Every structure is written in structure tokens, then in C-alpha cells.
Amino acid sequence: MNIINILEEIEKVDGDVYERLSPRRKAMQQFYKYGSKAAIAAIPLGLGSMFNKAYGQAVPAGVIAVLQYALTLEHFEYRFYERGSALAPIPAGADKTAIDIIRDSELKHVNFLKTVITAAGATPVAEKAVYDFTAMGTFPTVFTSYATFLAVAQVLEDTGVRAYKGRAGELLGQKVYLTAALGIHAVEARHAAKIRYMRRLNGHVPGIKPYITGGNDSGVPAANGNYGGAIPESNVNHAGVNITTLPGVTGTISVNAATEAFDEPLTAAEVLALVAPFGVS
Amino acid sequence: MDQQTAVEQNSKEASLLEKKIHRRKFFKFSSVAVASAAFIASCDKNKEDDGVNLGSGDVGILNYAYALEQLEAAFYTQVVANAAFSATFSTDERTFLTDIRDHEIAHREFFKKAITGAASSSIIPALEVDFSSINFANKASVLGTAMAFEDLGVSAYNGAGYLFKDANYLLLAGKIVSVEARHAALIRELVAANSFLGDQVDASSVNISRTPAEVLAIADTYIVTKINATNLPTG
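Here the protein sequences line up with chains A and B, keeping their order.
Taking the numbering used here, the leading residue of the first sequence gets 1, the next gets one more, and so forth.
Taking the numbering used here, the leading residue of the second sequence gets 1, the next gets one more, and so forth.
Everything labelled a hint here was simulated from the structure, so no lab data went into it.
This structure is a prediction, so every number in the text was calculated from the model and none was measured.
Glycine is no exception: its CB is placed at the ideal position from the N, C-alpha and C atoms.
The reader is advised that the hints may include incorrect statements.
What the hints assert, rightly or not - Per the computed footprint, the stretches of chain A lying under chain B, defined by three or more beta-carbons under 8 angstroms from a beta-carbon of chain B, are:
| hint | stretch |
| --- | --- |
| 1 | 93-102 |
| 2 | 128-135 |
| 3 | 183-190 |
| 4 | 200-214 |
| 5 | 250-262 |
Generate coordinates for the entire structure from the input sequences, incorporating the hints supplied.
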């Protein structure tokens, strides 16, 4: 990730970014060219003030806080897959490839968020020196049993989806930051679906589906909180509408379909408490 | 994959869709040519017909989502109802496609109820769809279309999120889009193992987003009803 990636990311949601950064487009293009040739790491240090000027105001502290929160979780997720890929008994072939795709995806999220936070004029939160992937002994076989590794991966991915969802409202109207956060949110959901499908295909949890059926369908009793919370995954009421009263193909929508069709948020406090045993917060 | 490759793949996908759109336009023009007298006679009426208006503000975005959910629900309903469903798909595939049908119906019925409750005079009607380009008795045709619809839906919600003024509506969209992303990943896995991200993410592994105009241009291939998105917020 370098200056070019940031500008390209921003250009996708704000086509005028170069004009904003410099009233003289030519000067900006020169800057851009220089950046692409040199890809120097030092430039992002000055970017914060540049963006602040370009957008006429500093990035709100609330936005920075959400980005730092996201980075805190992504640091942990990346290390989980990085260690897991190296240590866990993952079958060679398609399964190993899948875990490495997810590992690389999480690393890209880490680098992306670090760059965006730097560009917004803040210092990216550092990763923890040590994580406890057993969650204080709850998952002692996390890197020695493939089934446990995938179980923890599922819980973490489903929780990650809920974490991003829970804080989207704090980015309301923030074209660049909200769109980026939603883009990562969707990728975490794709990871979650894939891990769940792998557990099904490996016979670890017969019948488990890529979406959340009912409440805690993970087969991990210790993860009840990850599927619970103020608005639990078992919720069927949205904006005053009870989904199970709506017409389905035959009769009304079933409870299973109603819970599968909507994912639920977790608050920051809920998430941080859930990942605390892993040494994340 | 690097960003350039992703962009190229996206444009490949786009050009495939363009071809479909062009073919459909050709048929439209052909039928117009055959019935040119009727066409001329109805010109005045057509001029006034601006299509189904999605409306403005948050309700406009909700109608936009409702339109897409109508399309998806109609598609999967037809997939499961097809006489060749059992012969075409495995037990697992039938389970998943039936589940997804029910999810999309839940989304459609939810939007119908919620928009009616929030602004009963602004809700769009049921849309007329055209799935004539899909072979429902062919696995590749059905799964390919499902993949395109799910990926399109994810990019649509992601691209419209910032347009919401009310955080409650944004949260609702968030509750649905992650399920669409789960569908997209699953359908992709049914098509090809380990394609769950595929060309739908950029170089930073962030899911792509599309503007309503981009989304509706693609969805137009399958929607007969003219959709007018001119009053949607643009940020």
C-alpha cells in the first residue's frame, strides 16, 4: 500500500480527489507520477494535513476511532491466520489455499487501514506483541486440531462482520470511510461464509450453513456471546417488522429463514469484551 | 490479484453484460420496427412515461433496494419452481438455493412492509422481470446468473450506504448486505472452489461498490419495468 493506492481508493468514491488536493491539476499529476515512480513511504506523513486542507476540515475524531477499532481487530485476525497457516494441521490443497487467501486478505485490510489512518492524520494503533489464540485456555487445540481451528475462525469471522456493522452508523454520510468500511464488512462476510462451508464439507458440523441459522449455530458453546448481545443473531424484528409474520412461499417466513436473512450488529463494548481473552483489548 | 487484473476482469464482466443489453435492445427495436405504426401512435404517451420513480432521500434508497430484492426473489423463485430443479442440482445445492430464495423473499417482503409503513404513497409497485436469457434447466446458467445477481447486490448496497441520512436505515442495509455477501461467496464456491472473493475485491481486499446508475444499467437486462432513478440522492 502506498500513496498511489490511497489516491486510487479515494478516487473511486470521490472522482474529484485530485482537483481537491490541488487546484492546479497539472501539479497534482506530477505529484502522482513522482509517487508512482518512487512509491516512497515518507509521503503519507504529510498526507494528513494535505487531506484536511483538501476537504476543508480535519477528519472527525469519531471516524478515526472507528478506523482504529477496525485495525485493532484486523491485526488480530491477520495474526490468527498467519499463525494458523503455519501451525494448524490444515489439509494441503484447496483448504490450505483458502486459509492463505483469507490470511492475505486480512493482511491487506491491515495495510489499507494503516494507510487510511495515516492519511487522515493519525497514528495507526500498533498490533499487540502477543495474542493468546487459546482465549485463556478455552480453545487449547486451536493450532493442533483442524476442527478447532476452523471453529475459532468461524466465530472470529462472524464476530468481525457484527463488529463492522455495529459501527457503520458512526460513519454516516462519510462517503470515503463508510464505503471502505462497508467494503471490508462484505469481505469479512465472504470469509465467514467460506469458513462455514469448509466446516460443512469437512463434516465438522453436519448441516452448518454459510449463513447464521437461529442463534449460536457454531457448535461452540463458549461462543454464545459472539452470537448473543443486545441484538442477538436470533432476532427476527427489524424496524418494527416481525419477519416471521411476512408471507413466504407457503405460509409465513420460517424462523430459520428469518434469522438467516439478517445479520445483527455488536457494539464496540460487546466486541472488545468478547476478544479480550485473546489478548486483543 | 493486482488492481489492474481486477479492473480488467470487471470490464470483461461488464462487456458481457453490455452484449446482453445490446441484444435485448436489438429485440426491442425489432419489435418496434414490426409495429412501427403503433409505435408512432404511442409516442406522445411514451414521452410522458418516465417509468417507475424510485423517489428521493432515504425512501428512494429503500425503494432502490426493494427493486433489487424483487429481482433476486423472482429469480430464485423461478429457479426452485422449475420442473428440472431436482434433476439439475445436487441435494446440497437444492438446499442452498431454496434457502436463498426464502432469504430474498424475506428481504423483499420486509422492504415492502417497511417502506409502506414509512411512506405508503412512495413505495414502488411490483416490477415486471424478464429471465428469458436464463436457461433454468442448466446449472451453469442458473449459478452464473445467481453469482452476477449476488455480487451486484453486494456492490449496490456498498455503493449506496453513504447516501442514507438515517443511521437506522444504514444499519438495516448493513444487516442485509452481509447476508448477500454470504450468498455471493457460497454461490461462487458452487461455481469454482476458492472463488469466494474472486474479482469482487480490489487490491486492498475491499469489496467493490457500484453507483445506483451502474447497478440499474446492469439490472436493466432483467427488468422490463422502466426504473427512474433521477431523484435518488447523489451525496
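Status of each hint after checking the structure:
1. Coverage of the stretch 93-102 of chain A by chain B holds in this model, with 4 residues showing a Cβ closer than 8 angstroms to a Cβ of that chain against a need of three.
2. Counting residues of the stretch 128-135 of chain A whose beta carbon lies closer than 8 angstroms to any beta carbon of chain B gives 0, which falls short of the minimum of three for the stated coverage.
3. Restraint check on the stretch 183-190 of chain A versus chain B: 8 residues with Cβ-Cβ distances below 8 angstroms, three needed, restraint holds.
4. Closer than 8 angstroms: that is the beta-carbon criterion, and the stretch 200-214 of chain A has 3 residues meeting it against chain B, so the requirement of 3 holds.
5. Judged by the Cβ-Cβ criterion of 8 angstroms, the stretch 250-262 of chain A is covered by chain B as claimed, because 7 of its residues qualify and three suffice.
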